[in-house]
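Protein chains: 2
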Amino acid sequence: MPSYKAPVRDTRFVLEEVLDIGQYAALPGFGELTPELMNSILEEGARFTEEVLQPLNQTGDRSGCTRDANHAVTTPPGFKRAYHQFIEAGWGGLSGDPAYGGQGLPHVISTAFEEYLISANMAFSMYPGLTLGAIAAITAVGSDEQKALYLPPMVAGRWTGTMNLTEAHCGTDLGLLRTRAEPAPDGSYRLTGTKIFISAGEHDLSENIIHLVLARIPGSPESVKGISLFIVPKFLVNPDGSLGPRNAVTCGALEEKMGIHGNATCVMNYEGATGFLVGERDKGLRAMFIMMNAARLGVGLQGLAISEVATQNAANYARDRLQGRALGGVKNLQGPADPIIVHPDVRRMLMTARAFNEGARALALWGALQVDLAHLAPAPEARQDAEDLIGLLTPVIKAYFTDQGYFNATNAQQCFGGHGYVRDWGMEQFVRDARIAMVYEGTNGVQALDLVGRKLAAHGGRALRLFLREVTTAVENARKTPATAEAAETLGCALADLQGATGWLMRSALTRPEQAGAASTPYLYLLALVALGHVWLRMLVVAERKLAEGGESAFHANKRITAHYFFRHALPETAVHRARVEVGADPVMALAAEDF
Amino acid sequence: MPSYKAPVRDTRFVLEEVLDIGQYAALPGFGELTPELMNSILEEGARFTEEVLQPLNQTGDRSGCTRDANHAVTTPPGFKRAYHQFIEAGWGGLSGDPAYGGQGLPHVISTAFEEYLISANMAFSMYPGLTLGAIAAITAVGSDEQKALYLPPMVAGRWTGTMNLTEAHCGTDLGLLRTRAEPAPDGSYRLTGTKIFISAGEHDLSENIIHLVLARIPGSPESVKGISLFIVPKFLVNPDGSLGPRNAVTCGALEEKMGIHGNATCVMNYEGATGFLVGERDKGLRAMFIMMNAARLGVGLQGLAISEVATQNAANYARDRLQGRALGGVKNLQGPADPIIVHPDVRRMLMTARAFNEGARALALWGALQVDLAHLAPAPEARQDAEDLIGLLTPVIKAYFTDQGYFNATNAQQCFGGHGYVRDWGMEQFVRDARIAMVYEGTNGVQALDLVGRKLAAHGGRALRLFLREVTTAVENARKTPATAEAAETLGCALADLQGATGWLMRSALTRPEQAGAASTPYLYLLALVALGHVWLRMLVVAERKLAEGGESAFHANKRITAHYFFRHALPETAVHRARVEVGADPVMALAAEDF
Numbered sequence: 001m002p003s004y005k006a007p008v009r010d011t012r013f014v015l016e017e018v019l020d021i022g023q024y025a026a027l028p029g030f031g032e033l034t035p036e037l038m039n040s041i042l043e044e045g046a047r048f049t050e051e052v053l054q055p056l057n058q059t060g061d062r063s064g065c066t067r068d069a070n071h072a073v074t075t076p077p078g079f080k081r082a083y084h085q086f087i088e089a090g091w092g093g094l095s096g097d098p099a100y101g102g103q104g105l106p107h108v109i110s111t112a113f114e115e116y117l118i119s120a121n122m123a124f125s126m127y128p129g130l131t132l133g134a135i136a137a138i139t140a141v142g143s144d145e146q147k148a149l150y151l152p153p154m155v156a157g158r159w160t161g162t163m164n165l166t167e168a169h170c171g172t173d174l175g176l177l178r179t180r181a182e183p184a185p186d187g188s189y190r191l192t193g194t195k196i197f198i199s200a201g202e203h204d205l206s207e208n209i210i211h212l213v214l215a216r217i218p219g220s221p222e223s224v225k226g227i228s229l230f231i232v233p234k235f236l237v238n239p240d241g242s243l244g245p246r247n248a249v250t251c252g253a254l255e256e257k258m259g260i261h262g263n264a265t266c267v268m269n270y271e272g273a274t275g276f277l278v279g280e281r282d283k284g285l286r287a288m289f290i291m292m293n294a295a296r297l298g299v300g301l302q303g304l305a306i307s308e309v310a311t312q313n314a315a316n317y318a319r320d321r322l323q324g325r326a327l328g329g330v331k332n333l334q335g336p337a338d339p340i341i342v343h344p345d346v347r348r349m350l351m352t353a354r355a356f357n358e359g360a361r362a363l364a365l366w367g368a369l370q371v372d373l374a375h376l377a378p379a380p381e382a383r384q385d386a387e388d389l390i391g392l393l394t395p396v397i398k399a400y401f402t403d404q405g406y407f408n409a410t411n412a413q414q415c416f417g418g419h420g421y422v423r424d425w426g427m428e429q430f431v432r433d434a435r436i437a438m439v440y441e442g443t444n445g446v447q448a449l450d451l452v453g454r455k456l457a458a459h460g461g462r463a464l465r466l467f468l469r470e471v472t473t474a475v476e477n478a479r480k481t482p483a484t485a486e487a488a489e490t491l492g493c494a495l496a497d498l499q500g501a502t503g504w505l506m507r508s509a510l511t512r513p514e515q516a517g518a519a520s521t522p523y524l525y526l527l528a529l530v531a532l533g534h535v536w537l538r539m540l541v542v543a544e545r546k547l548a549e550g551g552e553s554a555f556h557a558n559k560r561i562t563a564h565y566f567f568r569h570a571l572p573e574t575a576v577h578r579a580r581v582e583v584g585a586d587p588v589m590a591l592a593a594e595d596f
Numbered sequence: 001m002p003s004y005k006a007p008v009r010d011t012r013f014v015l016e017e018v019l020d021i022g023q024y025a026a027l028p029g030f031g032e033l034t035p036e037l038m039n040s041i042l043e044e045g046a047r048f049t050e051e052v053l054q055p056l057n058q059t060g061d062r063s064g065c066t067r068d069a070n071h072a073v074t075t076p077p078g079f080k081r082a083y084h085q086f087i088e089a090g091w092g093g094l095s096g097d098p099a100y101g102g103q104g105l106p107h108v109i110s111t112a113f114e115e116y117l118i119s120a121n122m123a124f125s126m127y128p129g130l131t132l133g134a135i136a137a138i139t140a141v142g143s144d145e146q147k148a149l150y151l152p153p154m155v156a157g158r159w160t161g162t163m164n165l166t167e168a169h170c171g172t173d174l175g176l177l178r179t180r181a182e183p184a185p186d187g188s189y190r191l192t193g194t195k196i197f198i199s200a201g202e203h204d205l206s207e208n209i210i211h212l213v214l215a216r217i218p219g220s221p222e223s224v225k226g227i228s229l230f231i232v233p234k235f236l237v238n239p240d241g242s243l244g245p246r247n248a249v250t251c252g253a254l255e256e257k258m259g260i261h262g263n264a265t266c267v268m269n270y271e272g273a274t275g276f277l278v279g280e281r282d283k284g285l286r287a288m289f290i291m292m293n294a295a296r297l298g299v300g301l302q303g304l305a306i307s308e309v310a311t312q313n314a315a316n317y318a319r320d321r322l323q324g325r326a327l328g329g330v331k332n333l334q335g336p337a338d339p340i341i342v343h344p345d346v347r348r349m350l351m352t353a354r355a356f357n358e359g360a361r362a363l364a365l366w367g368a369l370q371v372d373l374a375h376l377a378p379a380p381e382a383r384q385d386a387e388d389l390i391g392l393l394t395p396v397i398k399a400y401f402t403d404q405g406y407f408n409a410t411n412a413q414q415c416f417g418g419h420g421y422v423r424d425w426g427m428e429q430f431v432r433d434a435r436i437a438m439v440y441e442g443t444n445g446v447q448a449l450d451l452v453g454r455k456l457a458a459h460g461g462r463a464l465r466l467f468l469r470e471v472t473t474a475v476e477n478a479r480k481t482p483a484t485a486e487a488a489e490t491l492g493c494a495l496a497d498l499q500g501a502t503g504w505l506m507r508s509a510l511t512r513p514e515q516a517g518a519a520s521t522p523y524l525y526l527l528a529l530v531a532l533g534h535v536w537l538r539m540l541v542v543a544e545r546k547l548a549e550g551g552e553s554a555f556h557a558n559k560r561i562t563a564h565y566f567f568r569h570a571l572p573e574t575a576v577h578r579a580r581v582e583v584g585a586d587p588v589m590a591l592a593a594e595d596f
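So the protein lines, in turn, are chains A and B.
Per this note's numbering, the very first residue in the first sequence carries number 1; after that it's consecutive.
Per this note's numbering, the very first residue in the second sequence carries number 1; after that it's consecutive.
Looking at chain A on its own, in the form it has when it is part of the complex (with noise of 0.2 Å):
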């Protein structure tokens, strides 16, 4: 069975010593995050998760969800207790509102949390997870009656909520869509269709299901112009809060999934379900991107998450498994055989994943401070600063951590053997867990493409512009030490590549857009590398530092030794992306459509 412990240690060294965290002490939130405060959540969620959650992934995953003739969906066996014991401890509410009842801290430590919590149980985090989409969207443009009334009991934990975007036949291209929201005289409107896909659409967990769902009004464009966002409760809520009658809103089944077992994935009938308009009329993509930006980066967290554990479990059974014969010569002369860590093949694949665990930490609680100092920082410039950095880098993290979390959960089951292949072990769980990270909230390539499309562009180029700024100051700054020399020209190198590839693309995709859409996802893999390599860099800076100064020398000797893994194995892979920037189109266009 496998086990799981969370990276405590390393997580304070990103927040404490790569971060720095305590210098936001004046914003609201930092200042209640003090260090005892902030160690003892890290604590306390790696006992949390450790104990109660991560018994619970593998029976989750063999039991799946079930569904009983009255449409009820009945979680796997121990997920409701865990969850009354998880929102009674607050989990849920770490950097909820604290006018709706949350804790108000920020939501770099929440992240640094939810990584452990998906790494435990990945399907279950999922039920919390979409809560905080859904209560971000309505914090963002529901109206006060609908903040009052619906976000206390989520922020609490004791509702939940859901996306429904995707219906059968549109999924990225959501203008197709046919639910349709009738108006009511009572100023409500009434929503008709089916949705699917929908996570965490009916479950047992929690006493109400807040339902965001797109929907067209009658007369609106049919076109992503025409959609609006619609409050759907599963039990309609009185003026009081307290719950009033079932809508007519019904799981029609539960999808049969590759994984996330313990999620229900459930087919959503709406049959004149009673919903309210949220936001605008008509802005209700607007108000889903809004959703859909914070679970992009809660979709990378877990291909990061299920990273880790996956590697921890590898690492583990490459100490104890004894298989042949180091090359350099008998390690284990009592044992009748060597283990398998002393293969350099071994090492390779657990030292590539290692490598982009850790880089993947610092880059993922690096991209929650953005998101607090997009809201937070004093000065307006600070904000837009953060707000353009994360927004470029939201898609390379979803998609980015998203394929290399299901690449080294493979690695980390090929470390197995056949044994990896074989349920009881539970690396084949990961796989099939890690897959579908790289296809919901947008597939990767949708990612790739609202890089280059949008992101890219945005506001002139501004957002790259600021990232490139801050890698060539880094780059510089690290040339002047012997200690980092090398790995600073190593993402030098990197670095010269991305604005070669960034040039090129500039240049091309002008005259013609398919250029871009072919450059889309090399390019992605290149940017996530070199924002890879400036978070690792920053990290060897501070770990040569903390071991000339005599500090804690293990662990930042391991932090060098990773490193330069990194620079080393990983970083140079930019030549290969950027040649195949560059090579534009024609390649991937030449072939007719019914010729493939």
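Just so you know, the hints here were simulated from the structure itself, not pulled from any lab data.
Please note that a few of the clues may not be correct.
Given that identical chains are not distinguished, each listed pair holds provided it fits within a single copy or across any two copies.
[Said to hold, decoys possible] Each computed DSS-like pair below joins lysine-lysine, with the alpha-carbon atoms no more than 30 Å apart:
hint, residue 1, residue 2
1, K257, K331
2, K147, K80
3, K331, K225
4, K480, K283
5, K147, K283
6, K480, K257
7, K257, K5
8, K5, K331
9, K283, K331
10, K225, K283
11, K257, K80
12, K283, K257
13, K546, K5
14, K480, K546
15, K225, K147
16, K546, K331
17, K283, K5
18, K546, K225
19, K283, K546
We have chain A; now place chain B onto it with these hints.
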């Protein structure tokens, strides 16, 4: 539900136009393989696999195999009937020895058929596939009596075969195995032990199952030098070939696996089972490797075959699924949206897979031809060259094809968005099925070690020198023609990367074996890309010649398009693999085992 169309035209292109197998008509078996017979085998094979086997693939995954209280195993609905059709049509004996009832056709044609078989139903294909491995071992090291007794019903498919190597505590490192074989007074042995992960270990398809089992005879060395190979029939066989009593070998359990549910993966309990030594005592591993090498090429073919069928389905879906509009302007004016095949990033995934599939098909069939020539070529030097080349490329084909098969199946699933993650569409099954091929018959890491540790070094590097010579000649020739000069130039760069990495390896690994281990997988990828580049250059040369001659223009023009995609997108990756070889073992080995 997924579909499958055997790529007969492409197989014929490789066999007739690229490999020109007509030139070998003087060799045994090749003479019988007239163009008419070849076409009828391919067309009939296509029909049989498309119409009989493919419809059982998804249901086989759903139903899986079941084991009853008497340890009897039932295959999924339809498998038994289909297997009988399979053997009645003689598909199992295509390249079987005519002395034992086989059709004596070249390996190259049965390999072409096997690709279709696996694409249509990988789990099914393993039952006859393992039989071929067992036949190969008995043919190579069995006594005349053993051959006469066991081979005819196995070649006919009435009996199937298995390979029994793995035990719970040992897979790669067979020296650790514990299964014992006690000599009995009648010259037979009594085998006692438990084997795991035994594909097709017990089932209802055949009258008898011939297990080939590795075990240790008391007094033999406690290492790989003390392992012998035994025939252990499920039903003992009377001297006249009729079935005798049930042997003491039973299926103790079916493994619950990630995929290939239609194949019975068994725990096999040997409880004093009667076995017969095959080949020499203590030389069992050598005999098993005869099986294994053939099996590794077969597993490589699984990578190609799943990639092919998954890509076909993705391309079909991408042509049908309407979602979004083309970047370069609306393509489907009448429809509500354009088919997603207009999107360059979707094409990128499809073209990457296509370039692999067509290249891998050519390389697999070229490899199968080398297997034939290693036995049949009149000149001893030609036999040796063929054996050297296929020995060198066996681990490359096994590991690279299966890694890419999984990668392409994952990308094909990605083209379906969320629909790829649910079971109905069948795409996630391709991913789960493809996953095992990276593991069994030696993990891909073990293949890489076999390449750098054994195959490169054998006979002073003779095989690689021959390979490099052949590629060099091809590059030099193709450089002279404008239509192939660009591709030749790119292959020349890749070849230089391979030569550089090889030189580094030769110099470095002698003094420190870990250098070879750390370099093994990147080196294997590098060699694989050059080998694919080599066959792609041959195909491009043929296509250009045919186009110049005004032949079948659409097919050959598309071949040119795909060739250029391969040379521009896939091949430049060699540089990063070379860099990863030459960075050496230090970054991989630096972290202490306990710090992972």
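How the hints compare with the structure:
no., hint, result
1, K257 x K331, "neither (44 Å within a copy, 33 Å between copies)"
2, K147 x K80, "within (26 Å within a copy, 62 Å between copies)"
3, K331 x K225, "between (66 Å within a copy, 21 Å between copies)"
4, K480 x K283, "neither (51 Å within a copy, 61 Å between copies)"
5, K147 x K283, "within (18 Å within a copy, 77 Å between copies)"
6, K480 x K257, "neither (52 Å within a copy, 54 Å between copies)"
7, K257 x K5, "both (27 Å within a copy, 26 Å between copies)"
8, K5 x K331, "within (27 Å within a copy, 52 Å between copies)"
9, K283 x K331, "between (65 Å within a copy, 27 Å between copies)"
10, K225 x K283, "within (7 Å within a copy, 74 Å between copies)"
11, K257 x K80, "both (21 Å within a copy, 28 Å between copies)"
12, K283 x K257, "neither (32 Å within a copy, 47 Å between copies)"
13, K546 x K5, "within (25 Å within a copy, 62 Å between copies)"
14, K480 x K546, "within (17 Å within a copy, 59 Å between copies)"
15, K225 x K147, "within (25 Å within a copy, 75 Å between copies)"
16, K546 x K331, "neither (32 Å within a copy, 59 Å between copies)"
17, K283 x K5, "neither (44 Å within a copy, 46 Å between copies)"
18, K546 x K225, "neither (54 Å within a copy, 52 Å between copies)"
19, K283 x K546, "neither (51 Å within a copy, 57 Å between copies)"
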